[in-house]
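Visitor: Single-letter residue listing:
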Amino acid sequence: MSDLFSKFDPIIAQRSALLESGLTDPFNLVMERVESPTVAICNGQRTILLGTYNYMGMTFDPDVIAAGKQALDEFGSGTTGSRVLNGTYRGHRECEAALMDFYAMDHAMVFSTGYQANLGVISTIAGKEDYVVLDIDSHASIYDGCALGNAQIVPFRHNDIEALEKRLKRIPDGAGKLVVLEGVYSMMGDVAPLKEMVAVAKANGAMVLVDEAHSMGFIGDNGRGVAEAQGVIDDVDFIIGTFSKSVGTVGGFCVSNHPKFEILRLVCRPYVFTASLPPSVVATAATSIRKLMGSADKRAHLWANSKRLHAGLKALGFKLGTDQPQSAIIAVLMPDLETGAAMWEALLHEGLYVNLARPPATPAGMTLLRCSLCALHSEEQVGEILGMFAAAGRATGCIS
Amino acid sequence: MSDRQQTLAKVLELIAPFNKKGVTVGEATRFAQDLEWDSLTVLDFVATIEDEFDVLISMNMQAEIETVGQLIDALEKLKA
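Protein chains in written order, with our numbering: chain A, 1 to 400; chain B, 1 to 80.
Any given hint might turn out to be false.
Stated by the list, open to error - Dumping the calculated DSSO-like pairs for lysine-lysine here, alpha-carbon to alpha-carbon at most 27 Å:
1) A:128 to B:77
2) A:169 to B:20
3) B:10 to A:166
4) A:69 to B:77
5) B:77 to A:169
6) A:195 to A:166
7) A:128 to B:79
8) B:10 to A:169
9) B:10 to A:69
10) A:260 to A:128
As the list claims (entries may be wrong) - Covered by chain A, according to a simulated footprint, are these stretches of chain B (three or more residues, beta-carbon under 8 Å):
11) 32 to 43
12) 71 to 78
I should point out that these hints are in silico values taken from the structure, not numbers from a laboratory.
All C-beta atoms in this analysis are idealised placements derived from N, C-alpha and C, irrespective of residue type, glycine included.
When you get a sec, could you build the whole thing from the sequences and use the hints?
Guide: Here it is in structure tokens:
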């Protein structure tokens, strides 16, 4: 029978073929218990977590947990309303104040997810006559923001400064221009040349939005991200971020110094027409953000973990997404989806969880085993992880 | 040669290096189905066309362009 679901037939067929081979479903894992930011029980087995984006390990921080419990007791389980109606509690304001202090910026707006932050800000500021120039490997939320606002989408080759400049120069005179970049690209874990790209964007009269979802708390002297590390944060008009990675809960935000920024609260549909975050979530986020300001030691340990895992995997003979470690993400390149799924399952049997990433989320049709490190992974755990990769790699024939 | 014919000749010349399957290309040739280009090939080809004709072809416009003939039409409009 043909109906509206017929368009999904190819992916249904691909999925059943994969599962019929007897493999564990890589997209249906259940964590039965979570012991810490780095260990969970999956299928009854103790499993080291290496694919959680929990970069700074804040999910079990005692102060963060205490703040969440107190907010639950004092403000209840949910707001049951939009930010612009009954959904702004003291905690939402305190969370926005924490973000303004963290980034040293004038304005902060909290959304219910990071996806909605990109969707909301991009769709609201870039309309039908405006041009959004973006990296081809941009996150789905960025493309969806462009589509929702009906903006003209102009992609350029990944991290190609000259390609960005050429496109900016061809935009018709008088049209609005927004350049959208990411600090760290989450699939390969590589960093954008923001110093050059932000300069090119500004020289051509464009506003600049940088998504720092995968760098907050970790990259830059104050953990403000790649724009801080490369010294161009003052030239960035909007920074988008999330609470579901280093901050350790859920939610999204935009910070900015634009004098008219606050009007977005009234005109941004993904902000207005959805319920606000629960009080416990904004309380945990605010506490976590303030603690991340003084986490230089944890940042140093996370860098050490990233460097050691990168060097170790390379020495074992795995092909990696970057020549040098550039972030807390290390992508291990797999030859195809079948081998990737087999390797993913072998690692799970060893007691290690990583993300299996495949098209369309990945660039150039690649299959990746994506590893994201945590500042709370101990030196012993990184050693264990390398041992597991060695065993699983040999068992599946990925390495000799 | 008319303007349109010149544009067509140039576009055919620029398609050649991307035509890995050796498909015979005419105005009715479809980029996705006949040439079987993936998104990265499309990106590189569009960049080549943009550089040659000094125009900008947004993704929104690309969505409307399925065949070589439609690309020529779009380029004639953009150059005008």
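Visitor: Check each numbered hint against the structure and report the violated ones by number, ascending.
Guide: Violated hints: 2, 4, 9 and 12; rest satisfied.
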